[in-house]
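Number of protein chains: 4
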Amino acid sequence: MLAKHGANITGLDEHAEPAAGRFAMRIAFALPVEQQDVLASALHIWSKKEEGEIHLHAADRVPRVAILCSREDHCLADLLWRFDAGELRGRVVGVFATQPGHEAICSAYDVPLRHMPVGDGGMPVHEKELLEGLDGVDLVILARYMRILSEDFLERVNAPVINIHHSFLPAFIGANPYEEAHERGVKLIGATAHYAWPELDAGPIIEQDVVRVGHRQDPGQLRLMGRDVERVVLARAVKAHLEDRVVVWGNRTVVFS
Amino acid sequence: MLAKHGANITGLDEHAEPAAGRFAMRIAFALPVEQQDVLASALHIWSKKEEGEIHLHAADRVPRVAILCSREDHCLADLLWRFDAGELRGRVVGVFATQPGHEAICSAYDVPLRHMPVGDGGMPVHEKELLEGLDGVDLVILARYMRILSEDFLERVNAPVINIHHSFLPAFIGANPYEEAHERGVKLIGATAHYAWPELDAGPIIEQDVVRVGHRQDPGQLRLMGRDVERVVLARAVKAHLEDRVVVWGNRTVVFS
Amino acid sequence: MLAKHGANITGLDEHAEPAAGRFAMRIAFALPVEQQDVLASALHIWSKKEEGEIHLHAADRVPRVAILCSREDHCLADLLWRFDAGELRGRVVGVFATQPGHEAICSAYDVPLRHMPVGDGGMPVHEKELLEGLDGVDLVILARYMRILSEDFLERVNAPVINIHHSFLPAFIGANPYEEAHERGVKLIGATAHYAWPELDAGPIIEQDVVRVGHRQDPGQLRLMGRDVERVVLARAVKAHLEDRVVVWGNRTVVFS
Amino acid sequence: MLAKHGANITGLDEHAEPAAGRFAMRIAFALPVEQQDVLASALHIWSKKEEGEIHLHAADRVPRVAILCSREDHCLADLLWRFDAGELRGRVVGVFATQPGHEAICSAYDVPLRHMPVGDGGMPVHEKELLEGLDGVDLVILARYMRILSEDFLERVNAPVINIHHSFLPAFIGANPYEEAHERGVKLIGATAHYAWPELDAGPIIEQDVVRVGHRQDPGQLRLMGRDVERVVLARAVKAHLEDRVVVWGNRTVVFS
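Line by line, the protein sequences are chains A, B, C and D. In terms of this note's numbering, the numbers along the first sequence are unbroken and rise by one, the last being 450. In terms of this note's numbering, the numbers along the second sequence are unbroken and rise by one, the last being 450. In terms of this note's numbering, the numbers along the third sequence are unbroken and rise by one, the last being 450. In terms of this note's numbering, the numbers along the fourth sequence are unbroken and rise by one, the last being 450.
So that you can see chain A by itself, here it is in the shape it has in the complex (with noise of 0.2 Å):
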């Protein structure tokens, strides 16, 4: 169907699960503006005959994401910094912080902060706030946004989220994952990006990774030992989905590479 558009394919990736009834493809293709309309027409119905999915992107498009956080600014400046380098596909539209202080570096790459504790309202009032300030987002990025989102505002934000959690999961899901690991005595601590469900720390994973720590690293040094995975980790899954290369089957994915 994508040759008889006058489509070029230019990348192709694909994965079968048999046993699970499962299969998914990944087709990058060039094809004339005047033939796309054409073609997305025809995809749909062939979707519809077929009971598949199809989802177009168009790689010229530019994403417009938003970035959420608290104090911690080590994957924001992160983001901005391959954002900025042209590293991730997209337009940080808007950095979104509960906590005071990321004023220089949202200036220093010229993308708008606004600053929107969680007050008297709690957070109800907050994520009326952030629905209404999200509004019209591609992707929407928890960098340590250390707030547990409820399942209303996830329904409702109408763009997917990507966490950043701090340890390896399933291992040490909640809010101590490194003071949990220093008292369990592990030898390696991780983190992990997955899009957020309600459940807690519990939605599909995207990426992960791990540093070797010892006996010698307290429950501060692992935090910041950790930083250097949270940073590459989140990254990575950003970017795997910017580039529209991660599938989502129940609460796995699929990422091509």
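It is possible that part of the hints are untrue.
Since the list can't tell identical chains apart, any single copy or any two copies may satisfy a pair.
[To be verified] Each computed DSS-like pair below joins lysine-lysine, with the alpha-carbon atoms no more than 27 Å apart:
#: 1; residue 1: Lys432; residue 2: Lys241
#: 2; residue 1: Lys242; residue 2: Lys197
#: 3; residue 1: Lys197; residue 2: Lys241
#: 4; residue 1: Lys241; residue 2: Lys321
These are calculated hints, taken from the structure and not from any lab test.
Here the structure of chain A is known, so what remains is to put chains B, C and D in place on it, guided by the hints.
Just chains B, C and D now, with coordinates in the frame of chain A:
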């Protein structure tokens, strides 16, 4: 005190956690034979006075090691090779297998094999047989033994027991970690070597490592890839233990290099 | 064409380098026996017309593998275990050793061992004997063979030859990589599995890996730690080759997953 | 001697290479201010008598650090973040850039930037300007500086110089490691932080790391992936140096943990 008794210090490492009031030091030294008893007495008197603990290990004594396994023999074959090659200090005095089939590899390394199935008497009878077989052993290695040993057994065995668990603990405790890892869609799988404690997969961790996996690996392939991690993680843990480099603090370990 | 001949595609991966005018595709498919010759002919006609290359491999054919080694047997023992366990597809038809001592492990896995020292006739005579022994073999594995095979031998052996080199190539070409690594003070040591080419340690790399080391390791300890890397790197390369996942482009490889 | 002067030892590590007649020890200790000069004198007298070397570093002194860079700023931005966050001990007293464009990031962290292009006078004039600018600095970091500094400069700069090289040394010395890595078809790429010596990419290695790559990555993608390794490798090396954990022995380093 070491100098006074004519010891020549050849290695020294230490670790302090002042907040917890903990301090550990490992000193390797050479000492004329005739001085050894005198020094040992002096050290024990000193340790009582200072309320510390002293463990003296003669580096030229060959530890007696037992390996327990079930059907899978990748760790068994690997350990036998390493003991035979002199990589691991010690002599394997017996392999105890609940399943048939390890004759060839054991006889290749000239190691006595005892087939010890779990029979009608269940684990109580099996554990009793094991305890008799393990009498006088310095270290018990559970090389994918796949049975849960009772608290009573662990108290009576009179030797440290090192287990290899086929996951990155504390994630995926229990019998089917690779299936669970596949279901959760993790991007790394791991293995953990730890001292066996009555609580399942809960003892002090000696060594861990991971390997990167992706959506293409089904549980069977995770199991294959996991074997390579299990082997080296167990071997490194056994090596550290047999070289007296492991200090246990509660459920954590200090592993000197 | 595959569909027309009744083939059911079970796996497909491809890689293109348009700038270099290169394209490789690996297709796994099931086909009724009676269709196989017809399809093979059709594919070969097609490949001539298109000036491409086609390699057909029957997945149910058991490759005949020879292992060449010297004194060290860590790779040999590991490979024998993996072939025996079915992890590696193939049958080891012979182990050829320049040094004595591998009887026990070979007989444990019921594999014929031929002691083939390099005698007074030097390498020319040795290579001649080897060529006779390797007749009809599909793959030759140099499992720490430690001799340099001549260009003439490599041309005449009529089977791919996979070598494990005990360094992270192109660093430390030659016979003493661990000594050189220690002298240079590197913080990681590695191993490289590659197809053997007449130029020393220069053939297409199939797999590499490294392990972290530090100032405490002397060359002897680097050698010990290196073994663990050599084993898995060689095993992964052999596995990829025997599953027909490696495509050679000049001195680079495409390794499909 | 430390005890006699009232010092409280808070950390101790040592490394011996008896065969080479080498021994290094790092002792961290707390000492009342009024005792410091007395101890320093005593230690220096002792070191002369024993023909050893003693380096005393006051942990509360803030080292003055200069960063030299060219066009690429991934290491620069990362280092500035880490100094600002207190992860690296020291104060960046100046950034010297041969290329334009780092104003925003430097002013975000309130660090003076000096644009210092290599002009008609070539490197001799440039080095002279640099030497003036670097006067009184405790550490010079080459954060992808991309110029070869002369032997004369390195002798006169009067501060240790740490360079990040974008390959796993000793592989791929020189200016285009990612192109060479791609051509050689390696399966891992790396980065090396080392003290700069007159001979190119030849000084003592402080830290190295690698990341796995495959046939899909072209040199441009290797460069992208390499950045992540360069950043952390350089940061870890600078951290070790600034915490006085590095001892240089010939062209090797002892890096205490």
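Subject >> Hints violated by the structure (numbers, ascending) >> reply: Going through the list in order, the structure violates hints 1, 4 and respects the others.
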